[in-house]
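Colleague: Input sequences plus hints: build the corresponding full structure.
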Amino acid sequence: GAGVSQSPSNKVTEKGKDVELRCDPISGHTALYWYRQSLGQGLEFLIYFQGNSAPDKSGLPSDRFSAERTGGSVSTLTIQRTQQEDSAVYLCASSSQGKWGEQYFGPGTRLTVT
Amino acid sequence: RKEVEQDPGPFNVPEGATVAFNCTYSNSASQSFFWYRQDCRKEPKLLMSVYSSGNEDGRFTAQLNRASQYISLLIRDSKLSDSATYLCVVNKGGSARQLTFGSGTQLTVLP
Chain A
1 GAGVSQSPSN
11 KVTEKGKDVE
21 LRCDPISGHT
31 ALYWYRQSLG
41 QGLEFLIYFQ
51 GNSAPDKSGL
61 PSDRFSAERT
71 GGSVSTLTIQ
81 RTQQEDSAVY
91 LCASSSQGKW
101 GEQYFGPGTR
111 LTVT
Chain B
1 RKEVEQDPGP
11 FNVPEGATVA
21 FNCTYSNSAS
31 QSFFWYRQDC
41 RKEPKLLMSV
51 YSSGNEDGRF
61 TAQLNRASQY
71 ISLLIRDSKL
81 SDSATYLCVV
91 NKGGSARQLT
101 FGSGTQLTVL
111 P
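Line by line, the protein sequences give chains A and B. 87 is the number that my numbering gives to position 87 of the first sequence; each next residue is one higher, with no gaps. 101 is the number that my numbering gives to position 101 of the second sequence; each next residue is one higher, with no gaps.
In short, the hints are calculated from the structure, not lab data. Bear in mind that the values here come from a model prediction, so they are computed numbers and not experimental data. Ideal placement from N, C-alpha and C gives every residue a C-beta, glycine not left out. Please note that the accuracy of each hint is not assured.
[To be verified] Below, a list of computed lysine-lysine pairs in the BS3-like style, where the Cα atoms sit at most 27 Å apart:
no.: 1; chain 1: B; residue 1: LYS79; chain 2: B; residue 2: LYS42
no.: 2; chain 1: A; residue 1: LYS57; chain 2: B; residue 2: LYS45
no.: 3; chain 1: A; residue 1: LYS57; chain 2: A; residue 2: LYS99
no.: 4; chain 1: B; residue 1: LYS42; chain 2: A; residue 2: LYS11
[Unchecked claim] Some chain B residues well away from chain A (every beta-carbon gap over 12 Å; in silico):
no.: 5; residue: PRO8
no.: 6; residue: GLU43
no.: 7; residue: SER49
no.: 8; residue: VAL50
no.: 9; residue: GLN69
[Claimed, not checked] One-sided excerpt, in silico: chain A residues whose CB lies under 7 Å from chain B:
no.: 10; residue: VAL19
no.: 11; residue: LEU39
no.: 12; residue: PRO61
no.: 13; residue: PHE65
no.: 14; residue: GLY98
no.: 15; residue: PHE105
Modeller: Written out as structure tokens, the structure reads:
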């Protein structure tokens, strides 16, 4: 079956612009996660959606970052007024009910802020 | 102190060798443990969950020592295709569904 997809695969933007990153989870997966990975660094948790529950936003680094998940499926991560330190690979993952730790990752969006 | 610590390596081993990776975690309330692998410039992929009693999946064996807050991964008869970065992953604590990823240990299996 289809895995997690993300778009765009690459995004170059100027400092101060807003960007939107999209994630399509595996069909039927109830949980969706966003992470970012800077060059040579580990994954940093950003936000987590589970079904219709309020999202866990505890990893968002600033109020410039927000995310939504519509219809329990597709999610969009928005970064406003981008800064150079936002440059990273943004990874989305989904997992099925009862197996939240077994996460399936998308290929990521490589964001470069110039 | 990092929440999850791993030796970054790199580990360079010949084909057929046995190699072991270690990981320590700081939150004694953590209950869920995993090993993921990440190939260069690719997304992480689940390798195996780690259970309290230890578990094996083919050439891979994972062990958990809760008292020492220590997790290990043993790879036997290593293959060229095992070359990757191995990520130790732990949940935030208790039943929290937030994962903390270690920075990874890089393995290169040489022909």
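Colleague: The structure should be examined with respect to each hint, and the outcome stated for every one.
Modeller: Evaluation of the provided hints:
At roughly 19 Å between alpha-carbon atoms, LYS79 of chain B and LYS42 of chain B fall within 27 Å of each other, so this suggested pair holds. A hinted pair counts as satisfied when its Cα atoms are at most 27 Å apart, and LYS57 of chain A with LYS45 of chain B qualifies at roughly 23 Å. Of the supplied pair hints, the one linking LYS57 of chain A and LYS99 of chain A holds, its CA atoms being roughly 20 Å apart against a limit of 27 Å. Note on LYS42 of chain B and LYS11 of chain A: the hinted pairing holds, with a Cα-Cα distance of about 17 Å set against a maximum of 27 Å.
Residue-level check failed: PRO8 of chain B sits 9 Å from the nearest beta carbon of chain A, not beyond 12 Å. Distance check on GLU43 of chain B: its Cβ comes as close as 4 Å (rounded) to a Cβ of chain A, failing to clear the 12 Å threshold; non-interface status is violated. Chain A draws SER49 of chain B into its interface by the beta-carbon criterion, the shortest separation being 7 Å against a cut-off of 12 Å. Chain A draws VAL50 of chain B into its interface by the beta-carbon criterion, the shortest separation being 10 Å against a cut-off of 12 Å.
Distance to chain A confirms GLN69 of chain B as a non-interface residue, since its nearest Cβ pair spans about 18 Å, more than 12 Å. Interface hint status for VAL19 of chain A: violated, as the beta-carbon distance to the closest one in chain B is roughly 20 Å, over 7 Å. At a threshold of 7 Å, the smallest CB-CB gap from LEU39 of chain A to chain B is about 11 Å, leaving the interface hint violated. Checking PRO61 of chain A against chain B: minimum C-beta separation of about 15 Å lies over 7 Å; hint violated.
The criterion of a C-beta within 7 Å of any C-beta in chain B is not met by PHE65 of chain A, whose closest approach is roughly 16 Å, and the hint is violated. The closest approach between the C-beta of GLY98 of chain A and any C-beta of chain B is roughly 11 Å, which is over the 7 Å cut-off, so the hint fails. With its C-beta approaching chain B no nearer than about 4 Å, PHE105 of chain A sits inside the 7 Å limit, and its interface hint holds.
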